[in-house]
Amino acid sequence: MAGRLEGKVAFVTGGRGGIGRAICARFVREGAAVYAADLSDAGSMASAVEDDVRFVRLDVTSEEEAVAAMATVGAQSGKLDILVNAAGIELEKTVEHTTLDEWNRSFAVNVTGTFLASKHALPLLRKAASGGTTASIINFGSYDGFIADPGLAAYCATKGAVHALTRAMAVDHGPEGIRVNAVCPGYVDTPMLQGFFSGAGSGGGGGTIDSLKEAVRNVHPIRNYGTPDDIANLVNWLASDEARYATGQLWVLDGGLSAQVQQMRL
Amino acid sequence: MTDARGRVAIVTGGGRGIGRAIVERLHRDGATVVTCGRGERPADLPRDIVWITGDVSRPQDARHIVAGAARHGDVAVLVNNAGIQIEKTVAETTDDDWDRLIGANCRGVFNMCREVLPLMAERGGDIVNLGSISAMVADPSMAIYNASKGFVHSLTRSIAVDHGPNVRCNAVSPGWIMTEMAENGFALARDPQKAQDDSLARHPARRFGKPEDIANAVAWLISAESAFVTGQCITIDGGLTAASPLQPGLF
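Top to bottom, those sequences are chains A and B. Per my numbering, the first sequence starts with residue 1, numbered consecutively. Per my numbering, the second sequence starts with residue 1001, numbered consecutively.
Some clues are possibly wrong.
Said to hold, decoys possible - Partial list, computed: chain B residues near chain A (C-beta under 8 Å):
(1) Lys1088
(2) Val1090
(3) Thr1241
(4) Ser1244
(5) Pro1245
Said to hold, decoys possible - Some residues of chain A that are not near chain B, with every Cβ distance over 10 Å (derived):
(6) Gly7
(7) Leu165
(8) Tyr245
Simulated from the structure, these hints should not be mistaken for lab results. For every residue, glycine included, the Cβ atom is placed at its ideal position computed from N, Cα and C.
The task is simple: from the sequences and hints, build the whole structure.
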């Protein structure tokens, strides 16, 4: 069976991190030519991986580097069908404890990074869309853009901004055949989540990581947190032509976490 | 304090709990308050509150309640507070459960609105429905209750759209309000104190709601201060649903 993304070109920021790698691997299996953009070829993971993905060095906060990255894609592939803005950072602080530099850095990566990659990808996305199919931008929102985890103020705010930007871009670029959606993960097993478990911000309350993980699993209606593959499944669908009528939406993928009233432990 | 002087207000299910707090508030604000319930007039209901025995789920009773209220003047306010709760999943819910719950929570609201709307058409009026945070996020084992409140939220918007500008219609969506029902729930917990502490920690306001908190919102929503507010479902939950359900620090 042919892959769902045969003939398509995809660019994934944060493409060497936990969720980014799963997306890139899935895109390759579905037949796309894939560019993984990240600060290094190991991304946020411990080591690099050998795969059929073209690595592009990119600091998403730099306009110069965004322009150069898209010039590389243009020269090698001539178009771009799929842009995934997966690069992101999390800061575990309240507003009071967040420095201005930390605040600016959170917005630079999570919001400005999404803006810059999208802005400079648009000419290539238009080329892809002119071929009779739609092009697709997939941003990374978060369930934290809707409801707040404690001690994550700047992160929550950046994700709210990404949600609004997603709708705005969908409205502006829908007429050009470019669809824009956001996936809004809940808890997904990545270095970011492991850092949250062990970080001061989670207020582990003296519990071990294992007991904490168990407790976190049990709060989910589906009794587990997600995997990067779960996110890749949705991103793959949104990137495919099957999703050609889907745009401007915020796709929450959280094992039902935010569907429930907070569970009281009676 | 808001001013409701000279207005006739119907509050359904005002015998106790949240409804009773709304009745007493609107009465203090100067309204002529008419309330109703399926049973006899509660012995402790203040003397100048009008009580009409009736079941809002029955159209003829709704007609009787509204006609009774209209004898005291133009009906200007309707607060649909009456409702029941059944703690079951879909699989456990019987036909009888469905008829009782949907009858009270959905059909009752519909019956009362249908009766008062013609009276409000010319002189205007304010309708406030009691929704719930359960309409947006699910309480476990409360399936058709949750769904019934989703109906209330949607009907609120429809009435606002269809019957504006003369009639405004809004909903108040309470979170955990400390009533006898909630206290009984904690009493059943393995460790009542821990259960209560845990629940409190999940409220940014660090307390449970009081019936008066809901009455305050209702009083505002029928006042001139909220003249541009219609079709909205206003959450009064001490911040409960603004916070993630997952707070590892609490485990």
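Quiz item: Far enough from chain B: is every CB of that chain over 10 Å from the CB of Tyr245/A?
Solution: Label holds. Min Cβ-Cβ 24 Å, cutoff 10 Å.
Quiz item: Does the nearest C-beta of chain A fall within a distance shorter than 8 Å of the C-beta of Ser1244/B?
Solution: holds (4 Å)
Quiz item: At a threshold of 8 Å, is the proposed contact between Val1090/B and chain A supported by beta-carbon distances?
Solution: violated (14 Å)
Practice problem: Examine each Cβ of chain B, and state whether all of them lie more than 10 Å from the Cβ of Gly7/A. | Solution: holds (41 Å)
Quiz item: Under the criterion of a CB-CB separation shorter than 8 Å, is Pro1245/B in contact with chain A as hinted?
Solution: holds (4 Å)
Practice problem: Determine whether the non-interface label on Leu165/A survives the test: each CB of chain B must be over 10 Å from its CB. | Solution: holds (22 Å)
Quiz item: Was the hint right that Thr1241/B lines chain A, CB cutoff 8 Å?
Solution: holds (7 Å)
Quiz item: Should the interface hint for Lys1088/B be scored as holding, given a Cβ-Cβ cut-off of 8 Å against chain A?
Solution: Since chain A brings no Cβ nearer than about 16 Å to Lys1088/B, farther than 8 Å, the hint is violated.
The structure fails hints 1, 2 (numbered hints given earlier, in ascending order).
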